[in-house]
Structure formats: C-alpha cells, structure tokens
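Take the given structure of chain Y and dock chain W to it, following the hints.
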Amino acid sequence: MTADLLRVLSLWRGRAGWLLAGMAMACGAVLAGLALLGLAGRGVAEGVTQAAVFTGGAAALIWLRPVIILRPLLRYLERLVTHAATFRALADTRIWFFRRLAERLPAGLGFRRAGDLLGRLVSDIDALDRVYLGALVPGVAGVAAVLAIALILGAIDPALAALVALPLALALLLPPLLAPGAAAAGQRVAESQGALRAVVVDPLTGIEDTLAAGAEPRASARVAREGVALAEAQRALARRGAWGGAAGALLGQAAMLGALGYGLAMGEAGVAAAVLGLFLATAAGEALGLMPRAGAALAAAGASARRLFEAADQAPPVAEPTTPAAMPKGHAIRIRDLQFAWTKDGPPVFEGLDLDVPEGARIALLGPSGIGKSTLASLLLKLAAPQSGSITLGGADLATLPADAVRARIACLTQDARLFDDSIEANLRIGRPEAEEGALWQALDRAGIGEVVRSLPEGLATRCGEAGARFSGGQARRLVLARALLSEAPVLILDEPAAGLDPETERAFLETLGEATAGRSVILIVHRLVGVERPTRILRLAAGRAMPAMG
Amino acid sequence: MTRARQGGDAASALLQREARAARGRLGLPVGLGLAQILIGIAQAWLVAGLIAGLLGFGAAGWPALGAVAALALVSAGLGVAQERALLAAGEAAKARLRADVFHRLLAQAAEDSRSVGERAALVVDRIEALEGFLTRWLPAAALAIAGPILVAGAAFAVDATSGAILLAAALLVPVAMAVTGIGAAQASRRQFAALDLLSGRFLDRMRGLPTLVLFRRQEAEAEALGRAAEDLRQRTMRVLRVAFLSSASMEALAAGAIACLAIRHGAVLGQNHPDPAGAIFCLLLVPALFTPLRAFSQAYHERLAARGAAAELAPLLENEAPGGLKLEEVPDRVVVSFRDVRLTYDPSRPPALDGLTFRVLPGETLVLAGPSGAGKSSILRLLMGFRRPDAGRISLNGQDATLLAPAELRRLSSYVGQRAHLFRGTIRENIALARPEATEAEVEAAATAARVTDFAKTLPQGLETQVGEGGFGLSGGQAQRVAIARAFLRDTPLVLLDEPTAHLDPGTEADVLDSLRRLCTGRTALIASHSRAAQRALGRVLEIEGGRALGQRMAGE
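From first to last, the protein sequence lines stand for chains Y and W.
The working numbering puts the first residue of the first sequence at 661, with every later residue one more than the last.
The working numbering puts the first residue of the second sequence at 243, with every later residue one more than the last.
What the hints contain is simulated information worked out from the structure, not anything from laboratory work.
Derived lysine to any residue pairs resembling SDA-like cross-links, with alpha carbons at most 20 Å apart: (1) Y:Lys1004 with W:Gln703; (2) W:Lys336 with Y:Glu892; (3) W:Lys336 with Y:Arg882; (4) W:Lys336 with W:Ser254; (5) Y:Lys1004 with W:Gln708; (6) W:Lys336 with Y:Ala884; (7) W:Lys336 with Y:Arg885; (8) W:Lys699 with Y:Gly1204; (9) W:Lys336 with Y:Ala891; (10) W:Lys336 with Y:Pro877; (11) W:Lys699 with Y:Thr1003; (12) W:Lys699 with Y:Ala1001; (13) Y:Lys1004 with W:Leu701; (14) W:Lys568 with Y:Ala875; (15) W:Lys336 with Y:Ala881; (16) W:Lys336 with Y:Ala896; (17) W:Lys336 with Y:Ser880; (18) W:Lys699 with Y:Ile1031.
In this text the structure is predicted, and so the values were computed from the model without any measurement.
If we strip away everything but chain Y, and leave its shape as in the complex, we get (with noise of 0.2 Å):
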C-alpha cells in the first residue's frame, strides 16, 4: 500500500508548489487555533485571578483580537488551497491514466469490463484526494500542533509537556497504524462499488437484449445482490472508522485530563500552566479530530491506487522496440511463413502465411468468419506480434518499427469501428484532424451517406449518440468508412467495409473504391466478391494459410 500511495505522489509532482502551500496554510490555521484559546483561557484566568502566576497575561486579552480575524480567514484559505491543489493533481492523474490504458490496452477492454474501468477512472481518482486532503494535510496541521505544544509546554515543565503531547502525539499515530487493517477493508468497498457499477452498466449496454430475454428481474436480482455486497463492505469500513474516531476523542481527552491531573498534583505552583495545557489540548482535539478517520481515508486511497495501478500496469500486447529502425520510404508489405495464436494453448490462428501486397495493390481477402481476416490486420497494425516468421512494410521489418508510425502508414477500418458521442464532423476528424470541409464531404460523398447528412437539419455538426446510437446500424457503418476513408495512409485494411449496407448502397460503393483509395495499397476484407471490386489479387484464408482463389 505505502508504495502505491508513494507512486501517486510521485504523480503529483509537477503540483508540488500547490500542495505545499496547502498544507502550509492548515499549520497556520491550526497554530491560529491553537493561539485562541490559548489566549483566551490565559486572559479570563489572569481576569479573575489577578494573580502573579500569569505574568504577560494582560496582553493576552489584546493579542486575541489580530488572532480572531487571522483564524477564519487561515481556514477560508486553507480549504481553498488544499482543494485547488487537489484537483490539479487529479486532473494530472486522469489524463496519465488514460494515456497509459492507450499505450497497454490499444486492442480495447476485451475481458475488462467496461463499467468496472470507468468507475476505475472517475471514483478511484477522486478517492486519491483523500491521501491529501483527509491525511497528508491533516497530517502535517497535527505534527505543527503537537510540536507547538509540546515547545510552549516543554519551556515550562518538560512533564507537563508530555503528559499533554504524548496522548496527542498518540492520536497522530493512530492513521498510520490503523490503516493497514483498514485497507482491506477499503478495498472491499472499491470493488463492491465496481462490481455493482458492472452489473447495472452490463445489461444496459446490451438493453436490447435484455428486455427481449424478459432478463430484467434477474437483472434486477444482480443489481440488488452487488448492492448488498456495497453495504456490507462500507459497514465494516465504517465500523473501523468509528472505532478509530473513539479512540481519537479519548486521546484528546486524556491530554486535557493530563493538564489537569498535573495541576492537581502541583498545587498553586503549576495553576497557570495546566490551565494554558488545558485550553492547548482542547484546540488541538479539534484540530486533531479529523485525524482517526485519515487511517480509513488512507486505506481507501490504498486500494484505489492499486486498482488503478493495477490497470495501468499491464504488459503492453507488443513491446515498443528499443531503437526503432528508421521509417522506410516504401510500403510494400510481406508476410513470410507467419505463425500465430491469440493464447499460447489456443487454437493457431496462422500456420504458415505467406501474403505480399505491393504498392497500390488491391488485395481481396475472402474466407470465412473466424478464420483470422481481422487477426491478420491486428497482426498488421501491431495490436499482436506473430509467435514466429516476418511481416516487413517497406522492406523494414515490422517488429523494429515504432508502432505509431506504422499505423500512420497503414489505416483500418475494424468491424467494431465506432461512432463517439460527438458531432458527425469531430468523428469524421478523427481519420484527418485537418481535413478542409470540402474533403469531409467528399469522403462522406464516397461512402454514400453524404445526401443523408445534407439532409440533416444540423448537418456537419450533428451529434452522432453513444456508438452512433441516432444512427441505423447501415447509416453509422458509412459514417465510420467515411473515416477510414479520410486518412492519408498509404495502405488501407478495409475489414467488410460494407456490412450491414443494403445491395445498391454496397455496390455504389464498392464501384467508387478504386477512386476513393487511388494510388494507395489496398486490403479489402469481406466474405464474398461483389463482382465490381476489381481486386489486383483475390486469396482465400484456409487451415491458416492464404491461397489464390476465385471470386
């Protein structure tokens, strides 16, 4: 748990001056705190009293009045401070997980699920913030309080300042050594709370599906199973929490009743400083209030940071080389003697392929679902590395190049390409982020759903819906190709361009390729010929081989 927690903050640097000045400001609220009571007991026991005991006493009642402005307004900032830090680094936090998750997972969740890895990103970050805001500020607020304390009380009795300090310092104590029980406990609620986030995201995704099934009471029956699970986890972290904050309220007690008990014991020569004691461990056991829940807070950001770390951390499915060849100038691509599975136990997916594509060459890949059409573009587009043989683009063996520039080089459009929540144009940009309009069109024009856009009332800036969801299945698998069709690359991997297109709008399309993609190498992907294809080569994929074949 420490080295997760260490690695996030190690996250935080670059906000180090912010969450600095924080925890700055809380010593100085803290010490405010501290000052105010201080002065005031001092003032009405040197009132009543008169007494010699409290020499400079009567300067209390005058230094309090600075100290009543200074507290509110040490707070005010404080809260502001530590809060803003926060979120910076929070923000920092997101953004490098997703970056990572682009880096080890660029085939997609897969096995993950979906659900579970938003309620990753969203809530796990946001419980990071309690590392700083409900530990390591409290944390050092409490360390100046003790240690003033134990300074003022220390220069007039060192007994009196243990008798007060140590039960404090105690308390201080208590997060450190509660977290590590709490932190399993901590993370049952993280999962719990993923779980659940799983169960409901599940079958809404696939609403359809589940309301044909009539699947909705034992959907309901899940989300209910995983609710109960949620709350017996937060029970147990709550009763530890509980437990904890009992216990720090009477450490807090036990240093006033210590300023007291040395007053008692003295007699008339340590009046004055047990009751300065006293109104020391009272403001301190506010400040120091907070801290028995940082033990829970801390174990809770524990179990985030390695849930998220844990997502993070993942072999990436093909290692970046260590010096990258340099990009060749060609982009011929040749396949020899290619071998792959997906698991080393699976069934092989290639046994042997050989495949070339020369420049500009049109090659149609026909055989059946399953057989490995799509694996070879993952092969292709290093989302895979083979188990054996080469693939070269340009004569440069693929292994050696940086996979970002080979997939500047090679375009695809998948079979689960997707429409974002975004409008048809930013979709579109993606394939091209500086694409003129006229190119936009034309694109859109070239997959045949340029007339349907026009159509629309908003046109370009038509929100397409979560998965192209205001689209039909046909309209959105256009808008997609016209994507695809908008990148520069050289070679374009079509994987069945035209499922889910009616007849005519397929073979429109299918005609107006050879233009669309003029002067690029192009993999065409599909289970049958069409017959206007005009493919340079047509191979059949078979027992993990490609062999010439027929349309």
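Coordinates of chain W only, in the frame set by chain Y:
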C-alpha cells in the same frame, strides 16, 4: 427556467419523501447524539470546577477528574453506537431506491438517449449521494437545533449574558450559511452535470479506444479529457469558494464568541468575579456549542450533493412505469397487422415510418427489404414494445398491441437485433438467458440449430467459453449466431430478426438461413434483411422506402 424550477420542486419533494420515510429510523442515532452533547456539558462543568479549585475557588479534586474520565469513556461508546445506527438507517433506503431507479431505467432504456455511463452513475453514485443526506444531514440538522439550545441553556443558568452571547452566535450560524448556501446550491447542480459529462465521455472514449489508437488520436483525446477535467475543476472550485465561506463564517463566529466571553469574564467582571467556576464553564462551552454546528456545516455539503442527485433522480422516479394489460397466456398463433402506422424519432428529421400498412399470417415469413434507414428496424422495435407508434394501429390477432404492457408484448417474441449483445458469462449462459428454465439438452439443441456448436467445438472450453462484455472473444458473425440460438431456445409464436446474416460469410449464411427457415416454420416471422440470399430463401418480401411500403414480391422473384 420553469422546467428547472419544476425539476427543483421534484427534487425537494423526493428528498422530503425520503426524509419522512427515514424519520423512524433516525430517532435512535439522534437520541445518542443528544446524550453525547449532555455529557459534553457535564464534562465542561466538572472541568470548570477543577480549574476554579486550582485557582483557589472551591475544592474540586481527583474524584471530579475521575468522573470526567468516566464520562469520556461513555461518550466514546455512544459515538460508536450512533455510527452503527446511522449506517443501518441508510442501508434500507439505499437498497429500495437503487432497485427502483434501476427498474425504471430498464423499463424506459430503449428510449433513453443518455449514455450508459451517465445512467449507471444514477444507479451507483447518485444513490450514494442520497445516503449522505439521510445519514449525515438529517441527524446533523436535528442536533444542530437541539444541541446549541441545550448548551446555551446551560450557560444561561450560570450567567445570562454568556448565555445570550452563545445563543446569538448559534443563531447567526444558519443565517450565514443560508446567505452563502443559495449560490452554492445552483453551483452544485452545475457541478454534477459536469461530473456526469466527464463520466459519460470517458466511458465512450474507453469503449472506442482501439479506434482512437488506430487513428493515432489517443494523445489528442487525452488532451481533450484534460480540458474536460479542467472544466470540472473550475466548476467545482466555484461551488467550493462559496461553500467554504459558510464554514469560514462559522469559524469567525466561534472565534468571536470566545473573544466576547473572554472579555466579559476577564476584563469586564475581572478580579471580583462572582462565579469564577462559571466563567471558565462558559468559555469551555464554546467548543461544545460549535461541535454539532460544525457537523451540520460539513453535512450541508452532503445536502447540496443530495439535492443535485435528487434533481436527476426525481424525473426518473416520477415517470410512471409504462402500464398496460397482462397477457393471460401466450397464444400458439399470431397474426400481425400494421395499419397506417407512423413513427417519428426526432421531429427535425423525416419520420421513420410514414403510414405503413401490411399483414403477416401465422406460418408466414415476411422479409422486410429496403435501403438502410428505410424503417425496417423500426417495425421490429415497435413489435418489441421498445417504442410506441405515434399514430395508426398495430394489432396482434385483431387486438390492439399497444394496450399490452411492453414486457407482456415481448413474451410473444424472439428478437435478434442488428448488434446482438453478449453479456459477460459463458456462451451457454448467454444462450440460456432467453429461457433460464431450459434444460442443458435444450440449450445444446438451440446451439446446434444456430450453428453455434460448429465454432464452439473448436474452442477448448466449448460452450463454457467465457465471453466478455460486448462479446469479446468471438467474431461478429459468431456473436450473431449465439443471438440466433437464443431465439431458437425461446420458442415463441412471433420471430423478429434484424439483419440476422449481416456479419456472416456466404457459407455460414447458407447454413444459418437453413436453420432460420426451420426456426420460422409454423411461426409468424418478420425479418429485416438486405441479403439477396435471405430474401430468396425465406419468404414474401416487402419493399420499404422512406417508411412506406413500396410493394411486395414473393420469394425468389
């Protein structure tokens, strides 16, 4: 503006309803809190006596110190008991609300345009936000009224002026909080909207991560995500800048009360103070006075958060669940007829169905053909009760179909959508979903009929192979076949298929068409399909364009 106010009213009504429901369960924790406050007053009295004794006024000693210690132990115990009672009170309410919200989301989900992430946040995060209202704010509010009255009353008994000072400070706290809280309430709603947007956006982009990576846009999206987070930060800070003012005003009032008491007892009454113990007692009461108020102020944020959450939950909970008649029994044969049916999704776009009329008899298969966007899927969605027609009549065996509750309507049909969703679980579980009480043999028969077995037997774990959310691990065509197996297993009089062979290669398509023909035999079937092979193989073809029927032809024509 009026809509916003209505939303606010609905949110208040929801919170009030929940507060009333929780009242019975909150009596115990509030009572325990009051007991703690009384113990605090008693401790202050004993400590004041002790200090006065030290200063030479009175003779309190070690026994009093022991009493203070004993009271501290009791108070700590009460605190633990209170915490438990609060937690128990919140759990029941949360479970009930969560079930309610999820149920309604399922009922209206086919029409809900919000992202799945946003809707999931309603079930998970918003419900948790309501818990804070029930278990923190409500009891804190009760204690913040009763506590200061008790404390100020105790001070009155000793010194009327001190009592007045404390009472005034306590009364000013809610005033200061109300003044600063009004702006914060509005800001809080905005902040929730921003948080949701960020959640929805992240889930959307995570799902499409491969697309972003392949187009090398992950870096640009990371930056966009950063801007969204920055926006969220600014909104949140705007809320907090105001919200923190209320706690700062409380600190100022606490400091002011201490100063006033110190000056009254130290400087004004001074050396000939009539009641030195009382003076110290009054001063020690200040922390006791502000402890419940501080808890209230901290809980006030919970109330703001809960209000924001309630504003989003209320419209959903107010929505009447779509009612309708129940189906007495599933008939063996169904005649489907559409007469002049109209449906518009979006008023700014042409209608999806524009006066469509047709009829399908039992044992007949109708293939819906036409360009994408012609309205083929809409017909199936209407028959599934995902949507209600805007006009016209849909009847089943002569009865108006819209009178049936949507869930009842769906009992008649097996449906395979365009993008069949596989749930997390094994292939077998995904098929059995259609009829959980089916035997293993029946599931396997359905898997065979839909040609699932063909590919499943090449997998090491066969039908027990795990598939991820969204069917990860299987190709599009394989997922489609699993969905068709569901239809076989379901065994209903009405079969509705949306592009069942779109992702299949010609060989598999022929196989699946063969199974589909068997599936449709003796049932009423509507199949939306572009595929010429499907149109040839399955039956009568209805050409649709622009939401209207163009004409019919028989299979093979």
